[in-house]
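K.L.:
What follows is the residue order along each chain.
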Amino acid sequence: MIWNRERETMPRSELEALQGELLVRQVRRAYEGVPLYRQRFRDRGLRPEHIKSLADLRLLPFTRKADFRDNYPFGLLAVPRQEIVRIHASSGTTGKPTVVAYTRGDMEVWKEVCARNLAAAGVTDEDTVQISMGYGLFTGGLGWHYGAEHLGATVVPVSAGNTKRQIMLIQDFDVTVFVCTPSYAIYIAEQAEEMGVDLRQTKLRIGIHGAEPWTESMRREIQTRLGIDPYDTYGLSEIIGPGVSGECAYHSGLHINEDHFLVEIIDPQTEEPLPYGEKGELVITPLTKEALPLLRYRTGDITRLNPEPCPCGRTLARMEKVSGRTDDMLIVRGVNVFPSQIESVLLQVEGVQPHYVILVDRTHGAMDDLEVWVEVSEAIFADDIGHLRGLQSQIETEIRETLGIHARVKLVEPHSIERSMGKAKRVIDKRDVYGTGERPASPE
Amino acid sequence: MDIKQLQQVSAFLENRPGRLLYLLNVLAEANINLIAHNIVDASDFGIVHLLVDRPKRALEVIRDAGLTCSITNVIEVVIPNEPGAFVEQVLKPLANAHVNIEYSYAYGVPSSNEAHIILKVDRIERAVEALKKG
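Line by line, the protein sequences give chains A and B. Under this note's numbering, the first residue of the first sequence carries the number 1, and numbering increases by one thereafter. Under this note's numbering, the first residue of the second sequence carries the number 1, and numbering increases by one thereafter.
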């Protein structure tokens, strides 16, 4: 089903004209409201009136995640605080979170684009939607919540965790749509099997997944073990949260809500735009955001675009499933983790040199395990097992407070890290989340 | 009663097969004699306490082998190897002086009637004083 037929099936020439108009307005909004953009325009001798159409997009400066950190917490907002009705946050590259905000108008757009993604997956007002993404500062839970309500579906706002209760509610409430990360879908299938519950026999029919990369084999596993049709969706809090793009019934790419989000693919090295079909970094300029009018935001996600019309009738371009990152960001249990965040935690703990390795794996079922190996140098060593255990749990606590997720800290002998994997290798991701088939060897 | 302050070598090891072998082999190859040892473990790692004939040299070779280690000052008490001696001559005086024992291990010498007790305490001077008084 198409939620907004006028917008989603608009001829591309009309869509581009609309995007051009919105871009001109948005550039003015960014320039007038955000000192950072005024500065960047001045630095390159650019004025808002130089941006007259879509073709001028490449004149605009980029925005990066670091800009959020440098302008923490509200320096990028273009409206007075009283117009802000919601704040969300995700992890930043260091200790401070990435803060995003919404006006009333932004909330209207958000629920519209989420409703579109749900409708594209076949969700209707007759469905019961269980939302198992985290509620709170994370955009996943509340974003889908508002979208599903807007669609008229019945929302079961369970949030993340408490798997046994999730399984009970799916059965008792006749839940038909399950919104969760793909790894949680597999995890819940395992738990249900252990409890003797066959999820394929429930009313569940659609899975709405996102917040982390996943492979085709995971899709097949979700399909067979839960007996549902899994849909990929894409979004990021800096842009809006969930709702940037999502699959339709043809599962041949994720339709981007281009009337709200202007996309480009660039070569991350040269920063030059690439033609349709070529792989590169996804850059997004939100066209209607009032609170946070970012210009050319570098997502760090690698994908390619396909503007051909889709058999579903939508003219909105499709992006391929994200196939990698331009940086070292990891996504662990749906949470963005930068190795630099872990490094800054280790530096805060007195005496701990940043000799560490981050290991991510899925050894226990489908859920991600995050381990941080820290070398015990003479600076932190003491002939006191209590002291070392205290250090271990102190680092675990600091990581939980900074990143919001649990990591297991393992104290290891010095030089074992360099010996086994070469000094530069700080991150070992054994999950193969992008389906490249590369699975690094165990460090042992 | 014979009371001595000794330097013990404490080394950090990961708790997995072969690590103690690696450590003790380093000492053997340097011709350092191990008099006594004990291991305190915290599931995934442990600290090995080594009483050796040449602690300074042991520290060097262990460091050269890439391991983390340090010197810990401990007390060695030699008492008769008979019932009640440890209680009366060591534990009671230390308890009365409010000295806390962090860990302890012991070894006997079969040819003599002696027991050697190694003590790591929180206040070493006070402990030595209390033991001397008896």
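Bear in mind the hints are in silico, worked out from the structure with no lab data behind them. Quick caveat, the model's predicted, so the values are computed rather than measured. C-beta atoms are modelled at their ideal positions from N, C-alpha and C, and glycine is treated no differently. A hint or two may mislead.
One side only, chain B facing chain A, incomplete, derived with CB under 10 Å [claimed, not checked]:
no. : residue
1   : 4
2   : 42
3   : 68
4   : 105
5   : 107
K.L.:
Any CB of chain A closer than 10 Å to the CB of residue 107 of chain B?
P.N.:
19 Å, violated
K.L.:
Would the stated hint for residue 105 of chain B survive a check requiring a Cβ distance to chain A of less than 10 Å?
P.N.:
13 Å, violated
K.L.:
Would the hint on residue 42 of chain B stand, with a C-beta cut-off of 10 Å toward chain A?
P.N.:
Where the cut-off is 10 Å and the nearest Cβ of chain A is about 5 Å from residue 42 of chain B, the hint holds.
K.L.:
A closest beta-carbon separation below 10 Å is what the hint needs, so does residue 4 of chain B meet it against chain A?
P.N.:
18 Å, violated
K.L.:
Can residue 68 of chain B be said to touch chain A, with a Cβ gap under 10 Å?
P.N.:
Holds - the Cβ of residue 68 of chain B comes within 10 Å of chain A, reaching about 5 Å at its closest.
Of the numbered hints given earlier, the model fails hints 1, 4, 5; all others are met.
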